[in-house]
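Novice: Chain residues, written in single-letter form:
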Amino acid sequence: DAGVTQSPTHLIKTRGQQVTLRCSPKSGHDTVSWYQQALGQGPQFIFQYYEEEERQRGNFPDRFSGHQFPNYSSELNVNALLLGDSALYLCASAQGPSGNTIYFGEGSWLTVV
Amino acid sequence: GESVGLHLPTLSVQEGDNSIINCAYSNSASDYFIWYKQESGKGPQFIIDIRSNMDKRQGQRVTVLLNKTVKHLSLQIAATQPGDSAVYFCAENPTGGGNKLTFGTGTQLKVEL
Numbered sequence: 012d013a014g015v016t017q018s019p020t021h022l023i024k025t026r027g028q029q030v031t032l033r034c035s036p037k038s039g040h041d042t043v044s045w046y047q048q049a050l051g052q053g054p055q056f057i058f059q060y061y062e063e064e065e066r067q068r069g070n071f072p073d074r075f076s077g078h079q080f081p082n083y084s085s086e087l088n089v090n091a092l093l094l095g096d097s098a099l100y101l102c103a104s105a106q107g108p109s110g111n112t113i114y115f116g117e118g119s120w121l122t123v124v
Numbered sequence: 438g439e440s441v442g443l444h445l446p447t448l449s450v451q452e453g454d455n456s457i458i459n460c461a462y463s464n465s466a467s468d469y470f471i472w473y474k475q476e477s478g479k480g481p482q483f484i485i486d487i488r489s490n491m492d493k494r495q496g497q498r499v500t501v502l503l504n505k506t507v508k509h510l511s512l513q514i515a516a517t518q519p520g521d522s523a524v525y526f527c528a529e530n531p532t533g534g535g536n537k538l539t540f541g542t543g544t545q546l547k548v549e550l
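Protein chains in written order, with the working numbering: chain A, 12 to 124; chain B, 438 to 550.
Be careful, since some hints might not be right.
[Stated by the list, open to error] Label-pair distances were calculated between CB atoms; the ranges are:
(1) A/L22 x B/Q451: 39 to 45 Å
(2) A/N70 x B/R494: 19 to 25 Å
(3) B/Q482 x A/E65: 22 to 28 Å
(4) B/S489 x A/P19: 37 to 43 Å
Simulated from the structure, these hints should not be mistaken for laboratory data. From a predicted model like this one, the values you see are computed outputs, not experimental measurements. We put the CB at the ideal spot given by N, CA and C, even for glycine.
Can you build the whole structure from these sequences, using the hints too?
Specialist: Here it is in structure tokens:
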């Protein structure tokens, strides 16, 4: 049973560029959330997708956007990258939009130079 | 805003001893709490969860205690092993909060041989 899988594992981008990160949820899960984790900090909630719609959003600017596909996989897009966007981006999945155990992937390390 | 905080940033224990990691939360609307373990360079790994209608829950070598009166959580690890060395996060999920988790900054557990 595959867990939450994310790609790429590491990437380097230049300020002002755009990046797309991908996530496949754990088998049987239909809800995907994205988190940003800066070095030495706890993860910060970006947004949650369920039934292909953004259901909840944290305190992140519109430069952060996402998408969920019919197969429940998801993408996180970040436009106009800033140096401060350098972080570990984590995808989490769950069965249903609330109340069930949330599992995380290994993350995508983004470095903005 | 509401937050989840941890009392001790670093905890050092001897191999074989029991470990106790504490966590305070401030959102009285939270009804679901999760402990995660995060090893260096990896994503958070689910350890154990507890809902607000319970005071205690046990897993394999781990126990979570919830004191709603003082808004306090603890994670007890029995017979701590070197493989338990990691950063431990508690996370809270408020009622109606979807899968949005609020994390603290984490406690680094170091197991000494």
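Novice: Give a verdict on every hint.
Specialist: Each hint, compared with the structure:
{"no.": "1", "hint": "A/L22 x B/Q451: 39 to 45 Å", "verdict": "holds, 40 Å"}
{"no.": "2", "hint": "A/N70 x B/R494: 19 to 25 Å", "verdict": "violated, 31 Å"}
{"no.": "3", "hint": "B/Q482 x A/E65: 22 to 28 Å", "verdict": "holds, 26 Å"}
{"no.": "4", "hint": "B/S489 x A/P19: 37 to 43 Å", "verdict": "holds, 38 Å"}
Checked against the numbered hints above, the structure violates only hint 2.
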